[in-house]
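If you read the sequences in order, they're chains A and B. Each residue of the first sequence is one higher than the one before, counting from 157 in our numbering. Each residue of the second sequence is one higher than the one before, counting from 191 in our numbering.
Derived from the structure by calculation, the hints contain no laboratory data. Remember, it's a predicted structure, so these values are computed and weren't measured experimentally. Glycine included, every Cβ here is placed at the ideal spot set by N, Cα and C. Please note that the accuracy of each hint is not assured.
Pair ranges (Cβ atoms, derived) [to be verified]:
no., chain 1, residue 1, chain 2, residue 2, range
1, B, S750, A, S176, 40 to 48 Å
2, A, L282, B, P240, 25 to 33 Å
3, B, P240, A, R301, 40 to 48 Å
4, A, P271, B, N822, 55 to 63 Å
In silico DSS-like cross-links for lysine-lysine, where the CA-CA straight-line distance does not exceed 30 Å [stated by the list, open to error]:
no., chain 1, residue 1, chain 2, residue 2
5, A, K235, A, K291
6, A, K237, B, K220
7, A, K188, A, K273
8, A, K235, B, K846
9, A, K235, A, K167
10, A, K237, A, K167
11, A, K237, B, K285
12, A, K235, B, K286
13, A, K188, A, K167
14, B, K738, A, K237
15, A, K188, A, K237
16, A, K291, B, K220
17, A, K188, B, K249
18, B, K285, B, K511
19, A, K167, B, K249
20, B, K511, B, K286
21, A, K188, A, K291
22, A, K235, B, K511
23, A, K291, A, K167
24, A, K235, B, K738
25, A, K291, A, K273
26, B, K220, A, K167
27, B, K738, B, K846
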Amino acid sequence: MPDKNSGTPVKRAVLSLNGSPTDELVIECGCKLARADHSELVAIYVLQVDWRHDLDDDLEEQREDASRTLDLAEGMAEKEKVPLESQLLQARDVGAALVDEAVALDADAIVLGLPYKVRFGGDFALGETIPYVFKNAPCRVFVVREPVARSEERDENMKGI
Amino acid sequence: MTNDEGDKRPPSSPESTTPSSKPRGLSGQKLGNRRVRVERPHSEYFRYTPSGALEARPKAHEEVDSGRRVMATARHVLFGRPLASAEEIGERLSKKKALAIFSSDAISSSAYATEEILRALLIGGIGIAALNLALPVSITIALLLGVVAISYRQVVVAYPNGGGSYSVSKANLGRLASLIAAAALLIDYVLTVAVSISSASEQIVAAVPNLGPWQVAIAVVVVAVITMANLRGVREAGNIFAIPTYLFVGTALLMIVLGAWQILVLGEGAAYPSLQDSSIDIASMAILLLAMRAFASGAVALTGTEAIATGVPAFQPPESKNAATTLAVMAVLLAALFIGITFLASGYAIVPNEEATVLSQVAGSVFGLDSLGFYLFLTFAAVILMLAANTSFSAFPRLAAVLAADNFWPRRFAYRGDRLAFTAGIVVLGVLAAVLIVLFGGDTHALIPLYAVGVFIDFTISQTGMIRHWRRERPPGYRRRLSVNALGAVITGLVAIDVAAVKAPTSLIVLALIPILVGVMWFIHHEYDTAAEELEVDRSRVYGPPTKLSRVIIPVPNLSRAVIRSVQFGRSLSDDVRAVHLTIDREAAEELRRDWERMLPGVPLVIVETPYRSLVVPFLHYLDVMAPTPANTITIVVLPEYVPRHWWDRFLHNQKAHRIREALIGRPNTVVADVPYGAVRSGDGNGHGVLDRTSQDGDEANGGGQSRRRPDRPPRRFGWRR
Numbered sequence: 157m158p159d160k161n162s163g164t165p166v167k168r169a170v171l172s173l174n175g176s177p178t179d180e181l182v183i184e185c186g187c188k189l190a191r192a193d194h195s196e197l198v199a200i201y202v203l204q205v206d207w208r209h210d211l212d213d214d215l216e217e218q219r220e221d222a223s224r225t226l227d228l229a230e231g232m233a234e235k236e237k238v239p240l241e242s243q244l245l246q247a248r249d250v251g252a253a254l255v256d257e258a259v260a261l262d263a264d265a266i267v268l269g270l271p272y273k274v275r276f277g278g279d280f281a282l283g284e285t286i287p288y289v290f291k292n293a294p295c296r297v298f299v300v301r302e303p304v305a306r307s308e309e310r311d312e313n314m315k316g317i
Numbered sequence: 191m192t193n194d195e196g197d198k199r200p201p202s203s204p205e206s207t208t209p210s211s212k213p214r215g216l217s218g219q220k221l222g223n224r225r226v227r228v229e230r231p232h233s234e235y236f237r238y239t240p241s242g243a244l245e246a247r248p249k250a251h252e253e254v255d256s257g258r259r260v261m262a263t264a265r266h267v268l269f270g271r272p273l274a275s276a277e278e279i280g281e282r283l284s285k286k287k288a289l290a291i292f293s294s295d296a297i298s299s300s301a302y303a304t305e306e307i308l309r310a311l312l313i314g315g316i317g318i319a320a321l322n323l324a325l326p327v328s329i330t331i332a333l334l335l336g337v338v339a340i341s342y343r344q345v346v347v348a349y350p351n352g353g354g355s356y357s358v359s360k361a362n363l364g365r366l367a368s369l370i371a372a373a374a375l376l377i378d379y380v381l382t383v384a385v386s387i388s389s390a391s392e393q394i395v396a397a398v399p400n401l402g403p404w405q406v407a408i409a410v411v412v413v414a415v416i417t418m419a420n421l422r423g424v425r426e427a428g429n430i431f432a433i434p435t436y437l438f439v440g441t442a443l444l445m446i447v448l449g450a451w452q453i454l455v456l457g458e459g460a461a462y463p464s465l466q467d468s469s470i471d472i473a474s475m476a477i478l479l480l481a482m483r484a485f486a487s488g489a490v491a492l493t494g495t496e497a498i499a500t501g502v503p504a505f506q507p508p509e510s511k512n513a514a515t516t517l518a519v520m521a522v523l524l525a526a527l528f529i530g531i532t533f534l535a536s537g538y539a540i541v542p543n544e545e546a547t548v549l550s551q552v553a554g555s556v557f558g559l560d561s562l563g564f565y566l567f568l569t570f571a572a573v574i575l576m577l578a579a580n581t582s583f584s585a586f587p588r589l590a591a592v593l594a595a596d597n598f599w600p601r602r603f604a605y606r607g608d609r610l611a612f613t614a615g616i617v618v619l620g621v622l623a624a625v626l627i628v629l630f631g632g633d634t635h636a637l638i639p640l641y642a643v644g645v646f647i648d649f650t651i652s653q654t655g656m657i658r659h660w661r662r663e664r665p666p667g668y669r670r671r672l673s674v675n676a677l678g679a680v681i682t683g684l685v686a687i688d689v690a691a692v693k694a695p696t697s698l699i700v701l702a703l704i705p706i707l708v709g710v711m712w713f714i715h716h717e718y719d720t721a722a723e724e725l726e727v728d729r730s731r732v733y734g735p736p737t738k739l740s741r742v743i744i745p746v747p748n749l750s751r752a753v754i755r756s757v758q759f760g761r762s763l764s765d766d767v768r769a770v771h772l773t774i775d776r777e778a779a780e781e782l783r784r785d786w787e788r789m790l791p792g793v794p795l796v797i798v799e800t801p802y803r804s805l806v807v808p809f810l811h812y813l814d815v816m817a818p819t820p821a822n823t824i825t826i827v828v829l830p831e832y833v834p835r836h837w838w839d840r841f842l843h844n845q846k847a848h849r850i851r852e853a854l855i856g857r858p859n860t861v862v863a864d865v866p867y868g869a870v871r872s873g874d875g876n877g878h879g880v881l882d883r884t885s886q887d888g889d890e891a892n893g894g895g896q897s898r899r900r901p902d903r904p905p906r907r908f909g910w911r912r
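Excised from the complex, chain B in its bound form (with noise of 0.2 Å):
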C-alpha cells in the first residue's frame, strides 16, 4: 500500500521534526505525483499566535549553555517542570485548598490564643477567680472577629484584584495611608512566619529535649523547606500543606463537641472560684483594665484574617465569590474552635503553667492522658503552628507583587517564576524570616511582642477606607454596611493602640519600622517615575534617519585576531577610527606600532604611556582630554572581547574590558560595542553544541562581529531550509 522511497513513518518519529538540510522529494502512487516536504525549523521553537504574534514554545527557553543547562534541570527537578502563562488557572486554588493555604496562620492561632488570654489574666494580681473573664473575652473577640471577617468579606467583593487593606486604602484614603497599611502588613507577615516557626521549633525541642542546641538550626530548616514548598507552586504548596490543616481543624473539633458532651452533660466538668467570691469589685476599673489586656493577648487569634482579601486572584474563577465563601468559613471555623477550646478550658477549670499548655491539659481532660487522640491532638497542632507560615508566603509576595505594579516596590517581585509563583517575594520572605529567627535565637517570647501590631493598624485602615467607599459608592443597603465597618474600625482602632500599649516597648520597634519602610517604597516610586520621565517617548513624533557622525575609538591591548575583528568592525561603523594602545612597555609598544602600520595601514594607532601603570583610568582622561566628542557626532567604543572556552576562563579574561565598559556607561554621547572572538558552538544537529574555534581571516576580511548564535538553531528571521 505505499511506496514512496520506504517512508512509511509514524509522524511522530524524531527525523519528522528534525529539520535537514535539503527538502526530500518524494515520489506519489501515480507518476508524476512527486511532493516536497518542506522543513520548519523555527516549529519546535516558536509559534504563531492567531494575532500574527510569535509564541516562544518550551524548547525557546531551554539554556543553551551546557553549565546553565545542567542548573535548569536540577532547578526542574527540585521545584519541578517550568509552567507556561496558559497553566494559571491550573494553578488557581480550590477553595478548599485556598482554605488550608490561607487559613492555616487565622486557624492556627486558636491552639495557643486561649492561653495568651488566660495568662493576661493570670498576672492581674486578682487570682485564678479571675480565668473566669477567659470566656468573655473570647467571645468579645469572635464578635470582633465576625465584623472584621464581614469588612474582608466586602472588601474581596469590592477589590477582586487583590491587595487587601492596601488596595482599599489606595482607593478610598491616599497615597500615604495605603503605603502604611502595606508596610503594617509586610513586618507582619514576616513576624508570622518567624514566631510560628519558632514556637514550631520550641515545640520540637519540648518533645525531644536533646535537640535543644539545635533549635535555631530546626527553625530555618523548617523555614527553607516551606519555601522551597512554596516556589513549587501556590497549587502544589497547597497539596502539601492541605492534609495537616484539615486533620488539625477535624480532630481539634472532635475533642470540643466530646469535652462539651463530657461537661455539659456528663457532668465531669470543674470551675475556677467565683468572682463574686473574691475581694474584688468585678464593676471595678481594675477588672476592665484586665480584660483589655487579655483582649490584646487573645486578639493575636485575628492575625491571618487579612490573607484571603490579600490572595483573591489566587482562587478559581469566580474568584470573588469563592474568596469570600472561603473568609466566611474561616472565621466560623476560627471562631467556633477559639470559644470552644476556651469554653473547654473554663470547664475543666485549666490553669496556666510551665509544665504544660493549656492546650494539651485540654486534649488531656478531653482525650485522657497518654491516650492515642491525646498524643495526635497535639501532633497536629505542632504542625498547624508550624503550616501557619504558610500563609504569609502566600499572602507577603501577593502583596509584594501588588506593589510592584504599582511601582512601589521592585518590580522583579511582580515576575512569576517557573512555577508561576512570585519567587523574589518568596525568597526574600524566607531570608528575612530565618535573619530574624537568628538574630532572636529562635525565641518566640522575644518575637511575640513585635506581633500583631502591624495587623491591627491595617485592619483600622482598611475599615476607614471602606467607610469612605459605601460613602461614595452609596449602592442599596449601604448604611448598614458603612454602620459595619465603622463599628469595625473603631474596635479595631482601640485594639490597635492597646495592643501596641500593652507590649510595648518592644512594640515600637514596629511602629518605628512602618515609616522608615513607607520611605522605602515612596523612594523607589520616585526612582521609577523619574526613569519613566526620562524615557518617555514623543508619540507624536515621527523619526526620520540618524542625522549624527559616527567616529570609534578602540581600546588595544595587543596585535591579536580579537582586536583585528575588532577594528574591522570598527571600519564597518565609520571611516573615522583610531586604536589607543596603553602601555608601561616603550620598547614592546614601538614593535606593536610597526606591525600595526604594516597590518593596518590607515588605521592610526595612539600610544599612551602610563608609568604609574594604571591602564583604564588613563583611557578614560585620553577619551575626555585628548579625543573630546565633537558636535553631532557619537564615539563608539569597540571592546576587543575574548570569548572563554570555558565557565572558568572568564576570571581569567576580559577584565580591563568589563572595568572600561563599566566606567563608560552614562558618559554623554557614547555608545559601547562588545566585539566577541574566541570559542564558539557548532551543532552536531541534534541540539548538542560542541566547542570549535572560529575561522577567523575570512570573517575578519568581512570586518563583521561574530555572532554568538549557534548554527544550530533557527535563524532568527524565519528563512527556509532547503
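For reference, chain A alone in the conformation it holds in the complex (with noise of 0.2 Å):
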C-alpha cells in the first residue's frame, strides 16, 4: 500500500520494542524524528503469546520484563524531551499486531530495530516481523541495524557467558 503521505513530517511513530540491545537504536532514532518534525511517539512492545496460553493469558513474568523495557524507553526520551506513550500488547503474531495497532493509532510511520545475525550457513537473518511489516504497513517504515562491531561484542560477551 503505497504512502500517501511521503515527504511530509510524521506526526505520530510507532516505535517496535522488544527488550533487545537495538531498543535503544530505536528509540534514539524516534526521538530524532520526534525532534525534527514534532511527531508524537508511541513504543509498543508486543509480547508473543503461543498456542499453549489464552492470548490474555496472565504472563506475569514476560509482562514484566516488558513493562521494564517500556518504562526505560519512557525515560529515555523524558530525557531527550520528547513525548512518549507506552502501550503494552499481546499477540500471536508481533508483525500483525505492530501493523493494527500503527493502523488504529493513525501513526505514519514505524521503526524497528534489526538486530546483525547470520543463520547457520551464513545468510543474513531479517526474521519474520520486519518482512511482515514491510508488506502489509500502510506507512513509512524505518529498520535500525546495529552497527556490525556492536553485534560482534555482544556473540563475544555471550561465548564469555
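Please assemble the complex out of the two chains, which come individually in their own frames, going by the hints.
Right, here's the structure in full:
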C-alpha cells in the first residue's frame, strides 16, 4: 500500500520494542524523528503468546520484563524531552499486531530494530516481523540495524557466558 | 484504513492510560490477528530505572488526603511546582546570577562602609582633618579584601563541595576549630539579615516618615518576602534579585566615573583641612589608634566575602572555576565601589551628619540634588541594602546542610524541599532574623556592634587552615600561596581582635554565643553517634527466623466492631490473646463480660476497676505487675483505633489509644500495633476517593487488619489488571 503522506513530516511514529539491545537504537531514532518533526511517539512492546496460552493469559514474568523495557523507553524519551506514550500488547503475531496498532493509531511511521545476525550457512537473517511489516504497513517503515561491531561484541560476551 | 472496533484514538487521550478492569481484545486487519492491550496501572506512579530500581513518578508524590491535597496545591501556587532531583542541575546558578545572589551582601556594604570610616575618624577628637585618613584606610581595607579573596579562591578550588571555612578547618585544624568557624558564620548570617533589613526599613521610614510606627512590621514583612522568594528555589531567587543588584552596581560605577571626571578633570572638588596644619603629630599613637578604629569600622565591607566559598555546589559546572571567577569579579567590584565612593567623599570633602547619609551627599554632589540620577541611585542603594540579606539566605542553609551531613546539625537541614531549596535552613534563618529584629526594635545601631565579629574569626580560622593545607599538600608554588594565607591569617586575626575590642561590650554577646552553639553542635553529634551505635548491624551475621514467642494484650473500652477486628487480628498473631477492660462502672463491665464470653469465646477478658478514674496509667502498671512479659516472649499491645471521617474528628477519638501508644514507646520487648477501623476511601476510578464505611463482618472473620490503601491506587506488588 503506497504511503500517501510520503515526504510530509511524521506526526505519529510507532516504535517497536522487544527488550533486545536494538531498543536503544530504535528509541534514539524515534527521538530524532520527533525532534525534527515534533511528532508523537508511541512505544509498543508486543508479547508473543504461543498457542499453549490464551491470548489474554497473565504472563506475569514476561509482562514485567516488557514493562521494564517500556519504562526505560519512557525514561530515555523524557531525558530527550520528547513526548512518548507506551503500550503493552499480547498477540500471536508480533508483526500483525504492530501493523494493526499503527493503523489504529493512525501512525505515519513504524520504527523497528534489527540485530545483526547471520543464520547457519552465512545468510543474513531478517526474521519474520520485519518482512511482515514491510509488506503490510500502510505507512513509512524505518529499520535500524545495529552496527556489526556491536553485534560481534555481543556475541563475544555471550561466548564468555 | 482501520477497523479495531472503533479504536482510532490518539495515544494521548486519557483512556489510553487509565487502567481498565479487563484487557481489551482488539481485532486486526486480517482474520485471526487479534491482540490484547495490557494495562500497566503502575506506570502512572512508578517507573523502572536502568538499574532495576523503581522510581516514584510525580503522581506517586500526590497527596491522597483531600485536605493535604488542598495544602499541596496552595504550596505549589505559592512556591512553584515541585522540582525533581534531576532538575537540580537546571537550578544551578550562572556566574551572573551567582554574582547577584552571593555578592549582594558584600557589594551593598560599599553603600555604608565609607560612612562608617568617616564617622569613626570624626569622633577621634582630631577634627575634620582626620577625614584625610579615609582614603588610605579604605585602600588598606581593599588590600585586605584582596588577600581574603585570593585565599577564598584557593578554598573554592581546594574544597569544591562547599562549606567554606568549615570545610577548610575540618580538614586541616580539627573538629573544634571547624565548629567554631561554623558557629561564628551561622551567627553572622543571622545578624546580616537582621542588620540589612533593619537598615532598609529605616531608609523606607526616612523617606516616608508616616510609616515610623510600622518600621519593625515592615522589616518583618521584608524578611518574610525574602524567605518566600528563597523557598521558590535558588534560581528563581536569582531571577528576582539580579536586576536590582546590577542596577546598583551600574549606577554606582557611573557615579564614580562622573565624579572622578568632575574632581580630576574639571577641578570641581574640595578638600579637607590638611593634617599637617592641625596641632596633632601625624606619626603619633593617637593617629594610629584612630586609623585602627576606622579600619575596624570599615572592615564591615568584607562581610559576605566568604559566602561564595560556602555555596560552591550551587554553581553551574565547572563549579569551582565559576565560583572562583565570580569571587574575583565580586572582589574587584567591591574594591572599586568602596575606594571609588571613599575617593568621591574625600574629593568633595564630605562630612557625615545626621541629616543626610554620606552616600546621598556623594550622589547629590555628582548627579546634583533632586536630579533623576540622584533619586534613582538612592532607590537602588536602598534596594541593594535590603537584598544584602539574600546572601545569607543562600549561604546559611548551605552551611547548615553541610553541618547536617556531618551530623552536627539536625539532619532535616540537609533535605531539599519541593523546590530543591534547603527549606529548613531558609525558614529557620527567616524566623531567627525576624525575632532579632523584633527584640532590638529594628534599631540598626543596636545590632551593628554584634555584627562582623564572627566573620573575622571565621576568616582567621579559614586562612590558618589553608596554611596547614599548603604545608601538607606542597603543590608547585605553594610557598607563595602559603605566604598569602599567612599574611591574611595574621591581619584578619588582628582585625578580629580590633573589631571585638572596638565594639565591646556588645560584641561579647557573640563571643559568648559561639561556644554555646559549638556545644549544641557537639551534643547533636553525640546524640547521632549514640543512635548510630545502637542501630549498627553486624553485616557478617545471617539472621534466621525469629525464636521469640508472642502474646497479645488488647485494651478494650467496649465491645465494638473496632475491638472485634483487633481481637481477630490479635488471634492471627498469637494463640495467647487477652483483653483488658479498665472501668469505673462495675455493672457496665459485668454486662460487657457477659456479651464478651458469648461473642468471643476463648479470649479471656480481664476487668480492672479504677476507682480513681485514671485509665491509661493503671493499664501500664497492669502490664508491668499483673502481666509481666515472660522470658523469650514479645508482648504485642493491639490498639483498636477508629478512623475518623473528617480531620476534626481526630480531636474526638482515639485519645486514650494515643496516650497508651506514647507511654509504651521504649518499653522493653513490647510492640504496639494499631488496628484501624472506620471510614476508608473507595475510588471512583478517576483517582478521586470517596468516603465509605467498611464492610465489617467478612473481614473481621478473616481476622485481618484493615488496609488504608485506596482501591484506586496501584497494588503494592505489580500484578496485572485483567
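Now for the hints, and whether the structure bears them out:
no.: 1; hint: B/S750 <-> A/S176: 40 to 48 Å; verdict: 59 Å, violated
no.: 2; hint: A/L282 <-> B/P240: 25 to 33 Å; verdict: 29 Å, holds
no.: 3; hint: B/P240 <-> A/R301: 40 to 48 Å; verdict: 23 Å, violated
no.: 4; hint: A/P271 <-> B/N822: 55 to 63 Å; verdict: 60 Å, holds
no.: 5; hint: A/K235 <-> A/K291; verdict: 34 Å, violated
no.: 6; hint: A/K237 <-> B/K220; verdict: 37 Å, violated
no.: 7; hint: A/K188 <-> A/K273; verdict: 25 Å, holds
no.: 8; hint: A/K235 <-> B/K846; verdict: 51 Å, violated
no.: 9; hint: A/K235 <-> A/K167; verdict: 20 Å, holds
no.: 10; hint: A/K237 <-> A/K167; verdict: 16 Å, holds
no.: 11; hint: A/K237 <-> B/K285; verdict: 26 Å, holds
no.: 12; hint: A/K235 <-> B/K286; verdict: 27 Å, holds
no.: 13; hint: A/K188 <-> A/K167; verdict: 13 Å, holds
no.: 14; hint: B/K738 <-> A/K237; verdict: 54 Å, violated
no.: 15; hint: A/K188 <-> A/K237; verdict: 11 Å, holds
no.: 16; hint: A/K291 <-> B/K220; verdict: 13 Å, holds
no.: 17; hint: A/K188 <-> B/K249; verdict: 28 Å, holds
no.: 18; hint: B/K285 <-> B/K511; verdict: 10 Å, holds
no.: 19; hint: A/K167 <-> B/K249; verdict: 28 Å, holds
no.: 20; hint: B/K511 <-> B/K286; verdict: 14 Å, holds
no.: 21; hint: A/K188 <-> A/K291; verdict: 25 Å, holds
no.: 22; hint: A/K235 <-> B/K511; verdict: 27 Å, holds
no.: 23; hint: A/K291 <-> A/K167; verdict: 22 Å, holds
no.: 24; hint: A/K235 <-> B/K738; verdict: 50 Å, violated
no.: 25; hint: A/K291 <-> A/K273; verdict: 21 Å, holds
no.: 26; hint: B/K220 <-> A/K167; verdict: 25 Å, holds
no.: 27; hint: B/K738 <-> B/K846; verdict: 29 Å, holds
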